[in-house]
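My request is simple: use the sequences and hints to build the entire structure.
Sequence lines, in order, name chains A and B. Residue 2 is where the first sequence starts when you use this note's numbering, and the numbers rise one by one after that. Residue 2 is where the second sequence starts when you use this note's numbering, and the numbers rise one by one after that.
Hint data in this document are derived by calculation from the structure and do not stem from the laboratory. Check the hints yourself; a few may be wrong.
Unchecked claim - Derived contacts from chain A toward chain B, CB cut-off under 8 Å, selection only: (1) F9; (2) S10; (3) P39; (4) F47; (5) A56; (6) A251; (7) G253; (8) D284; (9) G374.
Every residue, glycine too, gets a C-beta built ideally from N, C-alpha and C.
2 protein chains.
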Amino acid sequence: MTNYDPFFSRSADVMRESAIRKMGTVLAQAADIISFAPGYPAPDTFAWQDFREIAADLLTGEDGTVLQYGATRGFRPLVESIIAVLAARGIAAGREEIVVTTGSQQGLDLVARVLVDPGDVVLLELPSYTGGITAFRNARARLVGVRQEADGLDFDDLEHVLARERAEGRRVRILYVVPNFQNPTGLLISREKRYLLREWAARRDLLLLEDDPYGDLRFDDLDPANTRSIKADDEDGRVVYLSSFSKTIAPGFRVAWIAAPAPIAAKIELAKQAADLCTGAFDQRMIHEACKRGVLERQVPLLRRHYQAKRDVMSSALVEELGDVATWPTPKGGFFLWVTLPESIDVEEMLQRALAQRIIYVAGSAFFVDGSGRNIVRLCYATPSHEHIVEGVRRFARAVREELAERRIAIPSLSRA
Amino acid sequence: MTNYDPFFSRSADVMRESAIRKMGTVLAQAADIISFAPGYPAPDTFAWQDFREIAADLLTGEDGTVLQYGATRGFRPLVESIIAVLAARGIAAGREEIVVTTGSQQGLDLVARVLVDPGDVVLLELPSYTGGITAFRNARARLVGVRQEADGLDFDDLEHVLARERAEGRRVRILYVVPNFQNPTGLLISREKRYLLREWAARRDLLLLEDDPYGDLRFDDLDPANTRSIKADDEDGRVVYLSSFSKTIAPGFRVAWIAAPAPIAAKIELAKQAADLCTGAFDQRMIHEACKRGVLERQVPLLRRHYQAKRDVMSSALVEELGDVATWPTPKGGFFLWVTLPESIDVEEMLQRALAQRIIYVAGSAFFVDGSGRNIVRLCYATPSHEHIVEGVRRFARAVREELAERRIAIPSLSRA
Numbered sequence: 002m003t004n005y006d007p008f009f010s011r012s013a014d015v016m017r018e019s020a021i022r023k024m025g026t027v028l029a030q031a032a033d034i035i036s037f038a039p040g041y042p043a044p045d046t047f048a049w050q051d052f053r054e055i056a057a058d059l060l061t062g063e064d065g066t067v068l069q070y071g072a073t074r075g076f077r078p079l080v081e082s083i084i085a086v087l088a089a090r091g092i093a094a095g096r097e098e099i100v101v102t103t104g105s106q107q108g109l110d111l112v113a114r115v116l117v118d119p120g121d122v123v124l125l126e127l128p129s130y131t132g133g134i135t136a137f138r139n140a141r142a143r144l145v146g147v148r149q150e151a152d153g154l155d156f157d158d159l160e161h162v163l164a165r166e167r168a169e170g171r172r173v174r175i176l177y178v179v180p181n182f183q184n185p186t187g188l189l190i191s192r193e194k195r196y197l198l199r200e201w202a203a204r205r206d207l208l209l210l211e212d213d214p215y216g217d218l219r220f221d222d223l224d225p226a227n228t229r230s231i232k233a234d235d236e237d238g239r240v241v242y243l244s245s246f247s248k249t250i251a252p253g254f255r256v257a258w259i260a261a262p263a264p265i266a267a268k269i270e271l272a273k274q275a276a277d278l279c280t281g282a283f284d285q286r287m288i289h290e291a292c293k294r295g296v297l298e299r300q301v302p303l304l305r306r307h308y309q310a311k312r313d314v315m316s317s318a319l320v321e322e323l324g325d326v327a328t329w330p331t332p333k334g335g336f337f338l339w340v341t342l343p344e345s346i347d348v349e350e351m352l353q354r355a356l357a358q359r360i361i362y363v364a365g366s367a368f369f370v371d372g373s374g375r376n377i378v379r380l381c382y383a384t385p386s387h388e389h390i391v392e393g394v395r396r397f398a399r400a401v402r403e404e405l406a407e408r409r410i411a412i413p414s415l416s417r418a
Numbered sequence: 002m003t004n005y006d007p008f009f010s011r012s013a014d015v016m017r018e019s020a021i022r023k024m025g026t027v028l029a030q031a032a033d034i035i036s037f038a039p040g041y042p043a044p045d046t047f048a049w050q051d052f053r054e055i056a057a058d059l060l061t062g063e064d065g066t067v068l069q070y071g072a073t074r075g076f077r078p079l080v081e082s083i084i085a086v087l088a089a090r091g092i093a094a095g096r097e098e099i100v101v102t103t104g105s106q107q108g109l110d111l112v113a114r115v116l117v118d119p120g121d122v123v124l125l126e127l128p129s130y131t132g133g134i135t136a137f138r139n140a141r142a143r144l145v146g147v148r149q150e151a152d153g154l155d156f157d158d159l160e161h162v163l164a165r166e167r168a169e170g171r172r173v174r175i176l177y178v179v180p181n182f183q184n185p186t187g188l189l190i191s192r193e194k195r196y197l198l199r200e201w202a203a204r205r206d207l208l209l210l211e212d213d214p215y216g217d218l219r220f221d222d223l224d225p226a227n228t229r230s231i232k233a234d235d236e237d238g239r240v241v242y243l244s245s246f247s248k249t250i251a252p253g254f255r256v257a258w259i260a261a262p263a264p265i266a267a268k269i270e271l272a273k274q275a276a277d278l279c280t281g282a283f284d285q286r287m288i289h290e291a292c293k294r295g296v297l298e299r300q301v302p303l304l305r306r307h308y309q310a311k312r313d314v315m316s317s318a319l320v321e322e323l324g325d326v327a328t329w330p331t332p333k334g335g336f337f338l339w340v341t342l343p344e345s346i347d348v349e350e351m352l353q354r355a356l357a358q359r360i361i362y363v364a365g366s367a368f369f370v371d372g373s374g375r376n377i378v379r380l381c382y383a384t385p386s387h388e389h390i391v392e393g394v395r396r397f398a399r400a401v402r403e404e405l406a407e408r409r410i411a412i413p414s415l416s417r418a
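Put into structure tokens, the structure is as follows:
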């Protein structure tokens with residue numbers, strides 16, 4: 002039997018399994034589990050009828066390019082559709098700034114490969130999205146967290162961390178942020194802090210990597226101006242912007258995009274040539290037609306209402322079941338509730354108990370590059386039905402109560418307030 | 002205006018545009034060009050009617066997972082289909098050895114990331130497939146070529162090169178080979194040399210990366226036993242095997258796979274989590290149904306005849322038009338003729354002339370990591386019709402004749418023989 006250890010690269014040595022992907026595997030193996038774990042959109046919202054018609058129209062055989070290899074930058078008409086989507090978000094981007102990617106995860110990976118050398122510092126929020134963490138970790142970056150407040154990054158900490166890392170001789174060139182309904186916290190970066198971030202990046206000579214999969218999915222209790230992307234006002238060319246059709250059309254078509262200053266987009270194109278030649282032609286056609294035929298435009302308002310209702314259901318259920326011991330900020334969009342439990346609880350240890358209750362979540366520590374967050378869970382309300390959300394929160398609450406009892410912690414009585 | 006040069010990684014510094022992708026771009030911009038350049042399968046051979054039916058059956062909305070995120074390893078039933086495809090090729094692989102990839106290019110890229118550190122030597126054939134070259138170059142490998150004979154690698158040169166690189170203190174762990182109808186030469190590695198390669202890899206403690214996109218597309222003048230993969234007899238676990246549905250079903254569904262020893266497959270899964278989470282669910286379902294409904298089985302014999310006929314048309318046209326000045330080995334399968342022109346010709350310089358004739362090819366030098374091959378072209382006969390192949394060869398011959406005349410080289414008369 003060959004021993005493969007000596008064959009692995011240093012990058013392979015640092016690779017770790019994604020906590021979210023792991024939960025996806027658990028989920029696939031047990032039908033009776035209610036999942037609050039992976040951020041899967043609700044498939045009953047997908048525009049199946051439209052997809053069926055579009056597929057039939059595309060697969061006649063009249064246009065062979067529908068199933069052929071295609072340009073690395075992406076199917077040209079889809080690039081034009083993306084430019085229109087960006088314009089609606091206040092972002093003026095030219096063709097030379099766009100690269101279609103095989104999901105936003107590929108966007109993160111390509112950015113890491115083009116902009117990060119081993120040992121370089123990447124700054125990210127505490128907590129931050131695991132997909133970003135993984136992409137940068139595999140590029141052997143040094144991941145350095147910056148504290149987050151309710152309205153976004155703590156600038157004192159940001160300046161402190163940057164100064165410290167640079168003083169120690171490290172190269173710090175990227176700050177990764179998810180300004181709209183952040184995965185995992187659901188938080189928004191405030192308008193003022195978005196302005197400050199742009200100003201800070203120019204002053205400190207860094208690039209901002211702005212990841213925006215959820216921006217369109219804002220709820221009606223929010224002024225849309227608060228979701229305006231940092232990229233929209235990027236006069237200095239400091240922002241690399243990622244977004245995706247996975248949450249608004251469907252993730253099974255792996256289609257997302259990068260909008261970056263042209264010289265960076267050109268390098269990303271080269272990296273993508275080696276990564277997968279091109280994003281699937283059929284998937285791109287499906288998405289392009291969905292844009293062209295107004296499916297995206299029709300879907301977005303429906304999705305806002307759909308996910309807002311689910312947020313409300315989960316919030317109410319949590320108030321009822323765990324209002325005395327748990328806290329969470331109310332997200333104004335997106336897919337997630339970020340729930341802090343009493344400090345005595347370790348949510349990774351609690352996972353066995355949750356599985357016994359047939360409920361899963363993602364442990365908060367997966368999102369913290371400094372190893373904190375052990376008493377926090379990310380709960381995704383996007384996929385399950387209202388009934389399953391209520392039932393799932395009940396099961397989750399049982400797991401929490403059992404865990405608390407086990408730890409012999411006195412639970413404050415509900416009559417306390 | 003921000004200067005981005007200081008932001009790029011060392012990997013970004015070594016990235017180069019693929020010569021094949023560049024030709025794809027040229028092609029997309031001019032409808033009257035006959036292309037012998039990218040290795041695109043013929044879209045008129047695709048099973049459009051089957052795809053239309055399968056898509057309609059999949060997109061009813063009854064099964065939400067059709068358009069959802071999926072397992073990084075791949076859609077489980079597709080993995081079973083792949084195991085059956087491998088079994089038909091004499092390869093016994095377990096589920097834990099398979100990873101579905103977003104095209105074989107992603108397979109090459111993931112292997113490079115998991116098995117190659119900057120500065121490591123990767124051995125490859127002279128010439129070799131550009132996609133492999135690009136993936137390893139972006140991983141900042143040192144690419145070292147090994148001479149090729151008509152029946153595969155020159156073992157004297159292989160031993161010499163390995164000894165030299167190791168004596169210089171470099172880590173040499175991978176030999177990349179395309180044993181069946183190699184891209185670009187169309188050559189086969191002989192059965193004896195396949196045996197020797199396995200034996201050599203074990204003795205010298207290397208892994209073989211066997212890339213086999215064309216093995217099924219053998220012509221009827223070849224004993225199938227000659228295409229038996231190296232992996233089929235890999236008792237020592239030395240072979241990482243790549244193959245794809247791009248040439249037999251359609252490249253627009255980006256679905257390929259890796260079969261590797263389980264510990265390597267496990268690392269590749271981790272790398273893929275960060276690279277794109279998972280291959281597109283819809284594409285995987287389409288391919289799985291195409292396997293299940295017998296589409297693949299029906300297609301392969303048709304494709305063998307289709308491409309054999311095109312090989313014959315191109316060979317005959319070349320004999321007629323350039324038989325006095327060009328030579329090529331006759332491929333027994335696959336997509337390519339590898340045509341050596343008189344030494345006075347530089348095919349990159351000739352490209353302008355070829356474009357003026359509305360014909361494109363890929364310059365041979367793209368496939369040589371030692372910079373040789375300046376008088377060789379790769380001609381793909383897979384995509385154009387018979388008429389276009391004949392007309393394209395005529396145009397190509399005109400470009401060659403003009404180039405030779407320009408260089409004032411006496412052309413031997415046809416009566417010479």
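Results for each hint:
1. F9: For A/F9, the interface hint holds, since the closest Cβ of chain B sits about 6 Å away, which is under 8 Å.
2. S10: A/S10 check passes; min Cβ-Cβ to chain B is 5 Å, inside 8 Å.
3. P39: Holds: closest Cβ of chain B sits about 7 Å from A/P39, inside 8 Å.
4. F47: 6 Å, holds
5. A56: 4 Å, holds
6. A251: Since chain B brings a Cβ to about 4 Å from A/A251, closer than 8 Å, the hint holds.
7. G253: 3 Å, holds
8. D284: A/D284 check passes; min Cβ-Cβ to chain B is 6 Å, inside 8 Å.
9. G374: 20 Å, violated
Checked against the numbered hints given earlier, the structure breaks only hint 9 and satisfies all the rest.
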